[in-house]
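Asks: Protein sequences, first through last, are from chains A and B.
The first sequence runs 1 to 194 under this note's numbering.
The second sequence runs 1 to 198 under this note's numbering.
It is worth saying that the hints were derived from the structure and are not from the lab.
No farther apart than 25 Å at their CA atoms in a straight line, the calculated lysine to aspartate or glutamate pairs in the DMTMM-like style are these:
1. B:LYS19 to A:GLU154
2. A:LYS84 to B:GLU36
3. A:LYS187 to B:GLU6
4. B:LYS19 to A:GLU51
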Amino acid sequence: MTGFLNHTDDSLLRLANGGQEDAFVELYRRRQLQIYKFALHMCGSSTVAEEVTQEVFMSLIRNTGGFDAARGSVAGYLYGIARKQVLRMLERDRQYVAMEDDTAASNLATTLATTEESPLGDLTRTETVESVRQAVLSLPPNYREAVVLCDLQELGYAEAAGLLAVPVGTVRSRLSRGRAMLVGKLKVHSRCIV
Amino acid sequence: MKPGDEEALLAGLRALREKTAETGAPASVETLLLTEFRRRQLRNEPNSRRKAFLWIGLAAAAALVLVAVALADHQPTAVVKVQAPPAVPQPEMVPRETVQRAPQAPAPAPARQAKRRVQRPQSKPAPLAQEVATEFLAIPYAPGFTTEDRGQLVRVRLPRESMRSFGLPVNQDRIIQSVKADVLIGEDGIARAIRFVQ
Numbered sequence: 001m002t003g004f005l006n007h008t009d010d011s012l013l014r015l016a017n018g019g020q021e022d023a024f025v026e027l028y029r030r031r032q033l034q035i036y037k038f039a040l041h042m043c044g045s046s047t048v049a050e051e052v053t054q055e056v057f058m059s060l061i062r063n064t065g066g067f068d069a070a071r072g073s074v075a076g077y078l079y080g081i082a083r084k085q086v087l088r089m090l091e092r093d094r095q096y097v098a099m100e101d102d103t104a105a106s107n108l109a110t111t112l113a114t115t116e117e118s119p120l121g122d123l124t125r126t127e128t129v130e131s132v133r134q135a136v137l138s139l140p141p142n143y144r145e146a147v148v149l150c151d152l153q154e155l156g157y158a159e160a161a162g163l164l165a166v167p168v169g170t171v172r173s174r175l176s177r178g179r180a181m182l183v184g185k186l187k188v189h190s191r192c193i194v
Numbered sequence: 001m002k003p004g005d006e007e008a009l010l011a012g013l014r015a016l017r018e019k020t021a022e023t024g025a026p027a028s029v030e031t032l033l034l035t036e037f038r039r040r041q042l043r044n045e046p047n048s049r050r051k052a053f054l055w056i057g058l059a060a061a062a063a064l065v066l067v068a069v070a071l072a073d074h075q076p077t078a079v080v081k082v083q084a085p086p087a088v089p090q091p092e093m094v095p096r097e098t099v100q101r102a103p104q105a106p107a108p109a110p111a112r113q114a115k116r117r118v119q120r121p122q123s124k125p126a127p128l129a130q131e132v133a134t135e136f137l138a139i140p141y142a143p144g145f146t147t148e149d150r151g152q153l154v155r156v157r158l159p160r161e162s163m164r165s166f167g168l169p170v171n172q173d174r175i176i177q178s179v180k181a182d183v184l185i186g187e188d189g190i191a192r193a194i195r196f197v198q
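Chain A with its partners taken away, still in its complex shape (with noise of 0.2 Å):
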């Protein structure tokens, strides 16, 4: 497997597309992290990010000639799948209204209300990272992408833009807001309960 290491995405893909399993699993090590995590962060649960990567990875296998090098890069063109997954997943579970998570909003206001500095206070705090996921799980998916894309996979602006199809200066703005949304919402959080 070491023999893969100086090749690139696309190298590994066309190798993997002539039937070498080796590369297919480089290809799969390389960027599974990132995929999962994508799901996972973009849907909160852990079964269903195994189920996207599991999707994106089996449609690579299935679909042979699906990528187009001069469209984008691997990694682009895996997140795309990913991408189109988690917003049909999104859109299933829509019907099933999450409730509310009673015991982080307990733990961000027990942690807001302790700091006399912020009122969002020390949000690194382990019992308080938990409330930030639910925080970022309660975005609108178009802030949120943003969000996991660029703060918790610490892509880019422009890869992300080509990942999401958009323009930069979209990216910026929807980053911004998104900002803003969780600050408004775990500010909310915090007033209601202290």
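Assemble chain B onto chain A, guided by the hints.
Replies: Then chain B, alone, in the frame of chain A:
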């Protein structure tokens, strides 16, 4: 948004990012994908081999038909020459003055001569009862052909040597001669079977 709020939020997002840094799909996903990958490879392999054979077969059949058509185009001219009626006397090139002074038996009218030349009794199809044909032999690598499929039978002439490729014996003395054959062509234009006729 206050600067303090944004900093706190970014710190919270960073903490969430770090918490899930090593989170990935379980090994069972990789196993499942590998199983599917191998299954696909196994299924694709015979397909590609079958396709290669199919293309070889098509190329061979196309070449066969082309040769047959080329040979068929040449045959009629040769047959007419061989069967020209010898009884018809050729007109002599005699000067007009000589004919007036010593009249001879009238020469055959040119129109009649032309008419006779057109006659090609040998071009009449031979009665089928006189023909002896081999069984239909499948053309190698051609797609399958069942009794329910429709096709067309085309009479062609092939080099006698081509019988060898179907495992039939060939008389060495007549190897340069051609042989008649019926080629069964499917609705898709691909030759499926052949029988040699004598």
